[in-house]
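Participant: These protein sequence lines map, in sequence, to chains A and B. Numbering follows my numbering, with no gaps: position 305 of the first sequence is 305. All you need for my numbering is the position in the second sequence, starting with 1, plus 344.
Simulated from the structure, these hints should not be mistaken for laboratory data. Accuracy of the hints is not assured; some may be wrong.
Claimed, not checked - Part of the chain B face toward chain A, derived, beta carbon under 7 angstroms:
hint: 1; residue: W356
hint: 2; residue: A375
hint: 3; residue: L420
hint: 4; residue: K578
hint: 5; residue: A582
hint: 6; residue: G586
hint: 7; residue: T592
Claimed, not checked - Taking CB as the label site, the calculated pair distances span:
hint: 8; chain 1: A; residue 1: R93; chain 2: B; residue 2: V503; range: 31 to 39 angstroms
hint: 9; chain 1: B; residue 1: R560; chain 2: A; residue 2: S120; range: 34 to 42 angstroms
hint: 10; chain 1: A; residue 1: L59; chain 2: B; residue 2: P674; range: 45 to 53 angstroms
hint: 11; chain 1: B; residue 1: W603; chain 2: A; residue 2: R286; range: 57 to 65 angstroms
hint: 12; chain 1: B; residue 1: W356; chain 2: A; residue 2: A230; range: 35 to 43 angstroms
Every residue, glycine too, gets a C-beta built ideally from N, C-alpha and C.
This is what each chain is made of:
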Amino acid sequence: MNDVILETRSLAIGYRHGRKQTHRVCEQIDVRLFRGELTCLLGPNGVGKSTLIRTLIGLQPPIDGTIALNGRPLTDFHPHELARRIGVVLTERIQTGMLTAYALVGLGRYPYTSWAGGLSPADEQVIRWALTAVGAAPLAGRLVDELSDGERQKVMVARALAQEPDLIILDEPTAYLDLPHRVEIMRILRDLARRENRAILLSTHDLDLALRTADKLWLLAAGGRPQVGAPEDLVLSGAFQETFRGHGVEFDPMRGAFRTASAAYGEIDLIGDGLKAVWTERALERAGYDVHAGANGATIRIEVVDGRLPGEAGASWRLTVGRQTSQIDSLAGLLEAIRQTQPS
Amino acid sequence: MTAQAPSQSSPWPSIGMRRGALLVLLLLLAALFLLSLSLGSVSIPLRQIAVVLLGGAAEKATWTNIVLQFRLPKALTAALAGAALAVSGLQMQTLFRNPLAGPFVLGINSGASLGVALVILAIGAPGATLMAGISLLADFTIAAAAILGAAAIMLVILVVAPRVETTTLLILGLMVGYATSALVSVLLYFSIAERIQAYISWTFGSFGGVTWAQMRIMGPVILAGLSIAWLSAKPLNALLLGEGYARTLGLTVRRARFWIITSASILAGVVTAFAGPIGFIGVAVPHLCRGILRSSDHRVLVPGTILVGAISALAADLLAQLPGSQTILPLNAVTALLGAPVVTWVILRQRRLSASFGS
């Protein structure tokens with residue numbers, strides 16, 4: 001099961017300016033991709049995620065080190081041979097004019113067809129299989145230009161799949177999509193990795209989704225070596241938090257989610273439990289307060305009153321500032337009331 | 345449309361090769377071809393045309409002469425030139441992913457114009473004979489000058505092409521065009537009125553100047569250019585997705601670009617050499633074709649533009665004749681007057697400009 005598809009050794013990536021000058025974006029990259037696994041490449045903007053991807057698919061040469069595909073150096077492959085092993089989805093948006101989704105996926109057969117580009121019945125079988133595998137079969141007859149972003153991305157994945165590659169590499173496949181479509185694309189990719197036993201690598205800014213979906217993570221930080229491992233291992237070792245430190249967000253390992261790190265305005269005691277208390281705490285943290293459960297003697301105290309929902313008549317929260325107590329019926333009102341207690 | 349259609353209940357669309365539509369276009373081309381042999385300052389009945397084409401003699405001896413010596417080479421030239429310009433334009437539009445690209449975008453016609461301007465304006469030797477009438481020698485000199493000019497530009501482009509990006513190439517082509525046009529302007533400025541007149545009339549374009557002797561050069565060269573274009577249909581399809589995707593599909597972009605530029609330049613250059621710089625067909629026909637065939641697949645579009653290009657050129661030539669009259673309009677005026685509304689219609693009918701050219 002654990003076949004290595006792609007392996008890099010002391011890889012350095014970057015750009016060459018003229019003959020001698022090189023700009024190394026990242027170096028000492030030793031990573032591996034395995035059959036049947038979904039790997040997510042994460043890192044802040046500008047650390048070289050796209051450069052790494054472009055180097056791995058052979059669109060730009062490495063500065064140093066080697067990339068081996070199925071144990072053979074990448075440079076040994078004929079372009080057609082490479083296209084039969086690596087399928088790619090890039091960030092560039094394509095405009096395809098009068099091309100149907102079916103014809104677009106058909107272009108994925110490019111490395112297999114003769115000089116004339118005609119599709120055999122076997123090629124058409126593969127196209128249909130690829131469209132079905134990503135759940136895009138109903139889109140087959142539609143013009144690609146008329147598809148929504150989510151539909152188009154599915155078709156692009158099908159096109160990569162039609163190359164029948166061992167490895168599919170995607171550069172930010174979820175970038176333009178709304179949350180449900182992001183989740184859907186990630187689910188499709190994970191299923192493809194498992195069911196079809198392919199290796200899949202994708203770069204993304206969707207940290208939360210990557211944590212929940214990926215088998216492995218590659219964390220790329222500025223100037224450093226990439227950290228590789230299962231998402232949970234990287235969280236426990238602190239590598240995940242380290243990679244995204246100092247960008248105005250803070251990873252909360254207890255919740256497995258990010259929260260915006262803002263200067264605390266003060267401390268608040270929150271009394272109550274259940275769903276309403278959870279969301280009250282979120283609202284208060286969003287507003288920049290340190291929230292403690294139970295009475296700890298903070299100047300602001302909030303009691304969650306059970307049994308009422310926001311908008312319903314009557315008090316839902318009891319706010320105590322010093323000796324003054326007020327009844328409030330929504331979280332928006334609660335935040336507003338707290339804000340007024342602050343010296344401006 | 346396909347010969348062996350899969351079962352009707354199949355939920356899958358077919359990769360439409362538009363065989364039916366292409367057949368209709370072929371019939372239309374044949375009809376227009378016969379019509380252009382028949383119509384002109386003298387109308388010749390279609391039946392007599394058939395007799396002449398089958399090797400017989402027409403009722404009037406002059407008719408045989410007119411058909412074989414004038415109208416047949418002219419109609420052939422129009423059909424070949426139209427096909428060549430249209431395919432060349434299609435290749436440039438796809439390669440540069442630009443709906444306004446055409447056969448002359450790399451400055452090929454400017455090179456040809458400079459060659460011709462040098463011969464007519466600077467050297468002036470065939471200028472007088474050109475004014476006096478059509479001399480075979482003079483025509484060959486002009487064609488040779490145009491070919492040399494076009495070839496020089498093509499060589500420069502091909503040398504530069506592997507070293508720069510595609511967009512850069514487009515800008516370089518434009519600059520080469522401006523530079524050569526400037527040189528032509530300088531030549532025009534210092535020329536005498538008669539030579540300028542001769543040069544201007546060359547720039548109007550005409551399918552009528554090609555003799556059978558010249559056809560022996562022009563015909564095979566155009567067929568060769570069209571063959572290369574046909575072979576490049578598959579790479580052109582990959583390039584629809586952009587160069588990045590084309591490379592990940594296994595296309596060697598540099599090699600593909602070399603052959604695409606070579607065939608497009610040969611086609612544009614040879615037509616300009618023998619028929620002058622004929623505008624609009626190369627830009628308009630690919631758009632028209634995508635609209636008619638509703639396809640961006642170059643395996644359909646290459647044969648499609650060959651047919652529609654030939655049809656358009658024959659139609660333009662026919663209109664320029666003003667059948668029944670002795671007047672002949674400048675060919676370029678007709679292609680533009682005919683082409684501009686067509687392109688406008690095609691583009692307005694599509695919701696977005698980008699949707700019409702596939703970039």
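Participant: Run every hint past the structure and note whether it holds.
Facilitator: Taking the hints in turn, this is what the structure says about them:
{"no.": "1", "hint": "W356", "in the structure": "holds (6 angstroms)"}
{"no.": "2", "hint": "A375", "in the structure": "violated (27 angstroms)"}
{"no.": "3", "hint": "L420", "in the structure": "violated (27 angstroms)"}
{"no.": "4", "hint": "K578", "in the structure": "holds (3 angstroms)"}
{"no.": "5", "hint": "A582", "in the structure": "holds (6 angstroms)"}
{"no.": "6", "hint": "G586", "in the structure": "holds (6 angstroms)"}
{"no.": "7", "hint": "T592", "in the structure": "holds (4 angstroms)"}
{"no.": "8", "hint": "A:R93 / B:V503: 31 to 39 angstroms", "in the structure": "holds (33 angstroms)"}
{"no.": "9", "hint": "B:R560 / A:S120: 34 to 42 angstroms", "in the structure": "holds (40 angstroms)"}
{"no.": "10", "hint": "A:L59 / B:P674: 45 to 53 angstroms", "in the structure": "holds (49 angstroms)"}
{"no.": "11", "hint": "B:W603 / A:R286: 57 to 65 angstroms", "in the structure": "holds (60 angstroms)"}
{"no.": "12", "hint": "B:W356 / A:A230: 35 to 43 angstroms", "in the structure": "holds (40 angstroms)"}
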